[in-house]
Structures are given as C-alpha cells and as structure tokens.
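Going down the list, the protein sequences come from chains A and B.
According to this note's numbering, the residues represented by the first sequence are 1 to 216, in order.
According to this note's numbering, the residues represented by the second sequence are 1 to 212, in order.
Certain hints may be false.
For each label pair, taking beta carbons as the anchor points, the in silico distance ranges come out as [claimed, not checked]:
| no. | chain 1 | residue 1 | chain 2 | residue 2 | range |
| --- | --- | --- | --- | --- | --- |
| 1 | B | R126 | A | H201 | 26 to 32 Å |
| 2 | B | A69 | A | N38 | 53 to 59 Å |
| 3 | A | R143 | B | A69 | 32 to 38 Å |
| 4 | A | G142 | B | L33 | 25 to 31 Å |
| 5 | A | N38 | B | G127 | 23 to 29 Å |
| 6 | A | E126 | B | A114 | 28 to 34 Å |
| 7 | A | H121 | B | E121 | 36 to 42 Å |
| 8 | A | A180 | B | T80 | 41 to 47 Å |
These are calculated hints, taken from the structure and not from any lab test.
Here a beta-carbon is modelled for each residue, glycine too, at the ideal position from N, C-alpha and C.
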Amino acid sequence: MIVLERAAYRYAGAGSWALPPTSLALRSGEVVGVRGANESGKTTLCLVASGLAPAAIGGELRGRVLVDGRPTVDMAPHELAQRSGVLFDNPAVQLTGLHRRVYEEVAFGPRNLGLPAAEVHRRTGEALGLLGLEHLAGRDPGRLSGGESQLVALAGLLALRPGHLVLDEPTSRLDAERSALVEEAVARVAASGAAVLIAEHDEALLARLCGRVVSL
Amino acid sequence: MAWGGWLAAVVVAVTAAAAVRAGRLRRLALAGLALVPVAVSSLVVNTLLPAGGRGFTTAVGALVVLLGATLPPTLLFATTPAADLLDDLEARGLGRRAVFVLGAALAAVPRAQARAADVIEAQRARGLDTEGSWRRRACGVLPLVAPLVIGSLAEVEDRTLALEARAFGAPGRRTVLRRLPDSRGQRLARWALAGLLGLGLVARVAALAMGR
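Excised from the complex, chain A in its bound form (with noise of 0.2 Å):
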C-alpha cells in the first residue's frame, strides 16, 4: 500500500513547491491514474511516492509518505527501490550506460541484490518474456529506439520485482502494439497484489487500465 498524507515537495535549491500538499492512497492490487497538464507535478508525485524524493535527490518534503506502512524518509534507497520501483518519464535516466547488452542491463537490479545467479537469470528471462523483449537480449542498450530503451527500461524495473509500481509515462514512446504489452504486465503486476501508479497523458489507455484516476 502507498499513501500519502498531505505529501508536499519542493526540489533542492528551488524557491516554489512542485508538489502541492497532496493526499492520495493505494490498496495492494489497486491501479491508480494520475492526469494533469505539463508542469502539473506528475513526475513529481512519481518521484516523491516512490521516496527517491527526497531519499536520492535531495530537496525538502513536507507530509508523510507511508508505503507499507514504512515512512519513505526512513528507508534507504535500495530498500525503497524494492517496495516501491519507480520507471522514468525518459529511458535514458532509467539505463545505466555501463553495459553492452540488454540482458546485463535487465540483469543489473537482480544482481544488485546478490541474489543467486540462477534466480537472477530467472527474474531477467521473465522479465524480458513479459515485454516481448528475448530479441533484444544481445543488443547494446546504447543503441536501441526510443521505444525498445522503454520497454528495456520497464523490464529492468520488473526484474527488481519491487512490491508496488510507479510509472511515469510508461507509454509515452510506444506503438500501440507495445502498449498493448505494458498494459498485460502492469495488469499481471497488479494481479500479484502490488499498487501501481500510472501518470500518463494517454487517457483511453488510463480508462482501460486504471480503477480510478485522480488530476493535478
């Protein structure tokens, strides 16, 4: 479950608040929609739900943000990258640059972990199934379309197996095939029990995905 209770954010060094005083709660298996206008603050919210903000960057956050229970601001960023996985607006920030091939780079989260090499090949050939992704294994991630580095990005993400879900754009760079593939995994994640949280402009895709779906 995530909540958050009034959850206000300002970034570091910034004078105005990118996140007004917020309130919003997601049940275990509960897929939530978040629309609002550019600048509205949804990759702020994404940010600060998944507890990168302000655990990873910085800046000041006013409010609680309880994800299981947990307040964010108590968990170090590889524990809340576990309970609360979050995926960029842009693919670029979510890949490492440190590998030559999608496999390693799905593999990253798994073996951060120091999970066990089977168990890591097991998580990543899943997650690369998922996707529809086992042709990009051998390819180097520097070198993918803007909508393969999403999907790769997506599937790095799910590796980690984070217990909720935060998605910012998930779909952004996606034909209508490949969001067809995000949508079954964000379904089948849901239907495992996690929490999910959808910013995104396309609003059939929040219609047909989301239970319900709150502005900024």
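Chain A is fixed; fit chain B onto it per the hints.
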C-alpha cells in the same frame, strides 16, 4: 642508457611480441606514433640546446621509458573489452562502487564524444557555423562547450537516480553472472610480472638509498 631504460626496452619488446600474437601490432604502432612530438622535443632539448642537454642516449632512454609506460595499457585496452575487465575485477572481489567508478571512467570518453556530436548537430540546426575559417570555428566553440559541460553535470544526477532506482546501494556482494577463463599460463604470467614489479621497486629504492 641507465638500467631503467633497458628494463623499459624489455617491456616494450614483450608488449610488441604480445601485440603480434594478438594481432594488434598496428594499433600499438599508432599509439607509438602519437609519441613522435614528445620524442622530437626530447631530442631537441637533449642534443641541440646548450643548456640542460644530456645527450642523444638520454633522449632515447626517456623515449623508451615513455613507450614502456604507455604501450602496455594501450595493448590491454586494445585486447580486452572494458566489460570483461570489470566483470573479472568484480569476480575477484573488487567492490561495486569501485567497479562503477572504473566503468564510468572507461565509458566517459566515448560518452562525451557522443554527447559532443549531439550538441554540434543541435547547434548546427540552430544555425551555428562550425565550419569554414579558423575564426568562425573559434567563435563556434563557446556555444558548444556550455551545453556539453552542463549536460555532463546533469548526467551525473541522472545516473545517480538510475542507480538508486535499481538498488545499487544494497548491502553485500553483487551476483557474479560470468567468470572469464583464466588459464594456468595466464596465472603464472601474472605472478611473474608481479614478482618483476616488486624486484624493480626494490632495485629502485636501493639505488636511491645508495645515492645513485
């Protein structure tokens, strides 16, 4: 030539032999050619200038030492993909942060080149003249440098976020997915080189202690 010069000559010879075996002699020769300006200036300073000149032998000795210092790493990176090097270092126990720093450093140059190409294209699209006379080119440098530097700084923050979102800071050892083959001959060669390095250091310190 001092004994250090002879030792460097041996290193150069062994490196050249290894390059021939690996089929990378051309790459090594190109790296050696990059030292031509240094070699010429060393020769001029040591043989033609009246003050401070130590002669032809000293100039050659300095060049051989320089080759001995630069050619082995050149051959290493010409024959070993950076990813293999990092994987192997990690499999041998190097910490994840050290591996990341090393990997980021190795990837920094190609990444900066790619970003520079993007910036040049973007500025050209906005009408910046990056060709023609040297004056025009010089005037075009500043609009390229600023986005390049700022972009590099922004990338540091992006990279930090990417790592944190992927549990990079988790405690304990990372999983090693592949171990590179390491033959008995390679292990022996490494120990022999380490022994030679130790002997060289001892000899150097002893020479310094004796005031030579």
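To see whether the hints hold, each was checked on the structure:
1. R126/B to H201/A: 26 to 32 Å: Holds: the Cβ-Cβ distance is about 28 Å, inside 26 to 32 Å.
2. A69/B to N38/A: 53 to 59 Å: holds, 54 Å
3. R143/A to A69/B: 32 to 38 Å: Hint holds: Cβ distance 35 Å, inside 32 to 38 Å.
4. G142/A to L33/B: 25 to 31 Å: holds, 30 Å
5. N38/A to G127/B: 23 to 29 Å: holds, 27 Å
6. E126/A to A114/B: 28 to 34 Å: Check passed, 32 Å falls within 28 to 34 Å.
7. H121/A to E121/B: 36 to 42 Å: This hint holds: roughly 39 Å between Cβ atoms.
8. A180/A to T80/B: 41 to 47 Å: Roughly 43 Å apart at Cβ, these two residues keep to the hinted range, so it holds.
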